[in-house]
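Peer 1: Protein chains in written order, with UniProt numbering: chain C, 1 to 334; chain W, 1 to 334.
Source of the hints: derived by calculation from the structure; they are not laboratory data. A few of these clues could be false.
Note that the list lumps identical chains together, so a pair holds whenever it fits in one copy or between two copies.
To be verified - Cut-off 27 Å, straight-line C-alpha distance, at most; resulting in silico cross-link-like pairs (DSSO-like, lysine-lysine):
#1 Lys155 to Lys87
#2 Lys46 to Lys121
#3 Lys46 to Lys87
#4 Lys201 to Lys46
#5 Lys47 to Lys117
#6 Lys206 to Lys155
#7 Lys46 to Lys207
#8 Lys47 to Lys201
#9 Lys121 to Lys87
#10 Lys132 to Lys24
#11 Lys47 to Lys121
#12 Lys106 to Lys25
#13 Lys87 to Lys47
#14 Lys121 to Lys155
#15 Lys87 to Lys117
#16 Lys155 to Lys21
#17 Lys299 to Lys206
#18 Lys25 to Lys132
#19 Lys137 to Lys21
#20 Lys244 to Lys292
In this text, all values refer to a predicted model and were calculated from it rather than measured experimentally.
Number of protein chains: 2
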Amino acid sequence: MQTIQMAHGSGGVQTNELIQKVFKKYLGDFLISDGEDGGVFLSDAKKYATSTDSFVVSPLFFAGGDIGKLSICGSSNDVAMMGAIPKFITLGFIMEEGLEIALLEKILDSMRNELLKTNLKILSADTKVVGKGSVDKIFINTTAIGEVVSDVSIKKLAEDDVIILSGSIGNHGGVIFCARNEIGISSNLQSDCKQLYAMLKPIFEKKIPIHTLRDATRGGLACVLNEWAEASQMDIAINEQEVKIDDEVQGICEILGLEAYSLANEGVCLIATPREFANEVLALLRAHPDGKNASIIGKMTKKITQIPRVILENPWGSKRFLDYPQGELLPRIC
Amino acid sequence: MQTIQMAHGSGGVQTNELIQKVFKKYLGDFLISDGEDGGVFLSDAKKYATSTDSFVVSPLFFAGGDIGKLSICGSSNDVAMMGAIPKFITLGFIMEEGLEIALLEKILDSMRNELLKTNLKILSADTKVVGKGSVDKIFINTTAIGEVVSDVSIKKLAEDDVIILSGSIGNHGGVIFCARNEIGISSNLQSDCKQLYAMLKPIFEKKIPIHTLRDATRGGLACVLNEWAEASQMDIAINEQEVKIDDEVQGICEILGLEAYSLANEGVCLIATPREFANEVLALLRAHPDGKNASIIGKMTKKITQIPRVILENPWGSKRFLDYPQGELLPRIC
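Next up, chain C with everything else stripped away, as it sits in the complex (with noise of 0.2 Å):
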């Protein structure tokens, strides 16, 4: 590893080599988020998540969404995958020389829409402008803040605890990739950006233990289970019949030979929960609009080699291994 390159960028085994090579060499003594999407600090009775992450997706405007709507939503999300309600947020642009202010407000505008349907506060915003050529228009960075109301966490995945996905997979990268190679075939394509809390607020009222839960984004569903994979040193048995994937995705993915389970997702979220809470939540989440696609599609289990694998079982009982994603898969999609 001389220099950085797109792959390190993936959200796969690349980016987790960097992160492990180089960042944990000086930070990890400081890090506090270590294996988990952000770090919580306590405050008396009360716990906070945080955490921060720099949106430089492009183009700017997608179908289904935009920069601004992808950066609210985004660090809103991880602070609800650590079990939290999204409370405040801080705001860093970077921008463009030249970057024009109509294209400005739009995206600002649209970063209001999508605060409006929370109680999301911001806390501090940074404004920073580059000669042209030094950024790309225009990169947001968030930091999320949430107070804590579930106990979720990345080690209290238990064997036999079942796992919900929320929705249908690979609709943000698919649109990102057809939007970037100007394929028609996704006239009907729209990213799944969208806030998870409201459609898991009714399960952490109910306070039902949740192990874990992550939004599949950079990387998508193979990130995030063999992720779970390695940290539990349980294999991973996924029903793939299970695994909604929609029509438009399913056709970029056979047309282009892509992978729908990297594909990356922006509302979409994996919930591990003991077998005896997993009908519960699975009408919680059914009950919401955003959930309405729910479904059970797999479970942890004993490793059944030395390497804990995610296992994909098709309807014919045929099973494949779901390797984490490879090399450059495709930049800049959040």
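Following the hints, complete the assembly by docking chain W onto the known chain C.
Peer 2: Below, chain W without anything else, positioned relative to chain C:
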């Protein structure tokens, strides 16, 4: 205002215009941090201060610091300026394809050294990679969270408040200017880049009532003093003789026609405190190595015209107004 111009990033009049006319139009309703460096949130008995900042400094390495050190100091200082103990930080890296790992490691090592000086812990971190040409090497966003221990606010500025400056001004701006323009004059000049909390700690611990604190970064002293005048609707009288400017900085300013008051600082702050506490604050600052050049530079006074102004008085009694910095100062100073 049709497009983003470099002047929109200088921290002066145009930056303010962009924020007021564009950003606040859409996001103003959600903003907690209006007029301060960041936002405060309350958790049971405790209050937390948060501030976000993106670092885009060029060159990445300069005398006395680099983008890594700067990105920790900058946000740490922003929460210290809100009367808080810096506790947590989040890091967002945007890296260009082809960035050398050795260079990245140098930056991370510098961040590590700065984190070691305090008890700052990393709550969350994110890395993004964009294609060659989509960002200039590396940008870093940091968001700091601090526990508020001193109740400071720009709203507390009062008539007769004494204004204390913690060190000599213009060093960071001077260093970057020289590095950017390869000006040999500055061989001994070092950026003042440092975390200010250690110097302020004794003042916080003795619970001396500070009215307002602000580090004079982008836009320098000129920006902070004008913001204070505007927010308080008072004049500010500054005794020019007491504003320390190092010879090297003075030299650069004279040769190039720059105004030291508008040059950026990254380790100097302004403190406004009631008259009766001024000497104690000054003594505590001077007792710390980082505050050995601290001095009382002026005071808040009733405004003499309709418009509140910052008035500089030189040793010979002549006076001039100090305005907000205008136009494109020095881009990518932090």
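Peer 1: Now look at each hint and say whether the structure bears it out.
Peer 2: Each hint tested on the structure:
In this assembly of identical chains, Lys155 and Lys87 lie within 27 Å of each other by CA distance both inside one copy and across copies; the values are 25 Å within and 25 Å between. In the homo-oligomer, the alpha carbons of Lys46 and Lys121 lie at most 27 Å apart both inside one protomer (18 Å) and across protomers (18 Å), since each shortest distance falls under that limit. In this assembly of identical chains, the alpha carbons of Lys46 and Lys87 lie at most 27 Å apart whether taken from the same copy (13 Å) or from different copies (16 Å). Taking the shortest alpha-carbon separations for Lys201 and Lys46, both the intra-copy value of 18 Å and the inter-copy value of 26 Å come in at or below 27 Å.
Proximity of Lys47 and Lys117 under a CA criterion of 27 Å is satisfied in both settings, with 23 Å inside one chain copy and 26 Å between copies. In the homo-oligomer, the alpha carbons of Lys206 and Lys155 lie at most 27 Å apart inside one protomer (22 Å), although the nearest pairing across protomers, at 43 Å, exceeds that limit. Both within a single protomer and between protomers do Lys46 and Lys207 lie at most 27 Å apart by alpha-carbon distance, with minima of 16 Å and 26 Å respectively. With identical chains, the CA atoms of Lys47 and Lys201 are at most 27 Å apart both within one copy (17 Å) and between copies (26 Å).
In this assembly of identical chains, Lys121 and Lys87 lie within 27 Å of each other by CA distance both inside one copy and across copies; the values are 6 Å within and 21 Å between. In the homo-oligomer, the alpha carbons of Lys132 and Lys24 lie at most 27 Å apart only across protomers (25 Å), although the nearest pairing inside one protomer, at 33 Å, exceeds that limit. Taking the shortest Cα distances, Lys47 and Lys121 sit within 27 Å of each other both inside one copy (18 Å) and across copies (16 Å). Proximity of Lys106 to Lys25 under the C-alpha cut-off of 27 Å is restricted to the inter-copy arrangement: shortest distance 12 Å between copies versus 41 Å within a copy.
Taking identical chains as interchangeable, the C-alpha atoms of Lys87 and Lys47 lie at most 27 Å apart whether they share a chain (12 Å) or sit on different chains (15 Å). Within a single copy, Lys121 and Lys155 get their C-alpha atoms only as close as 30 Å, which misses the 27 Å cut-off; across copies the closest is 21 Å, which meets it. For a Cα distance limit of 27 Å, the shortest separation of Lys87 from Lys117 inside one copy, 12 Å, qualifies, whereas the shortest one across copies, 31 Å, does not. When the C-alpha separation of Lys155 and Lys21 is checked against a cutoff of 27 Å, the pair qualifies only within one copy, where the shortest distance is 22 Å, while the shortest distance between copies is 47 Å.
Only within a single protomer do Lys299 and Lys206 lie at most 27 Å apart by alpha-carbon distance; the minimum there is 23 Å, versus 57 Å between protomers. In this assembly of identical chains, the alpha carbons of Lys25 and Lys132 lie at most 27 Å apart only when taken from different copies (25 Å versus 34 Å within one copy). In this assembly of identical chains, the alpha carbons of Lys137 and Lys21 lie at most 27 Å apart only when taken from different copies (20 Å versus 31 Å within one copy). In the homo-oligomer, the alpha carbons of Lys244 and Lys292 lie at most 27 Å apart inside one protomer (11 Å), although the nearest pairing across protomers, at 66 Å, exceeds that limit.
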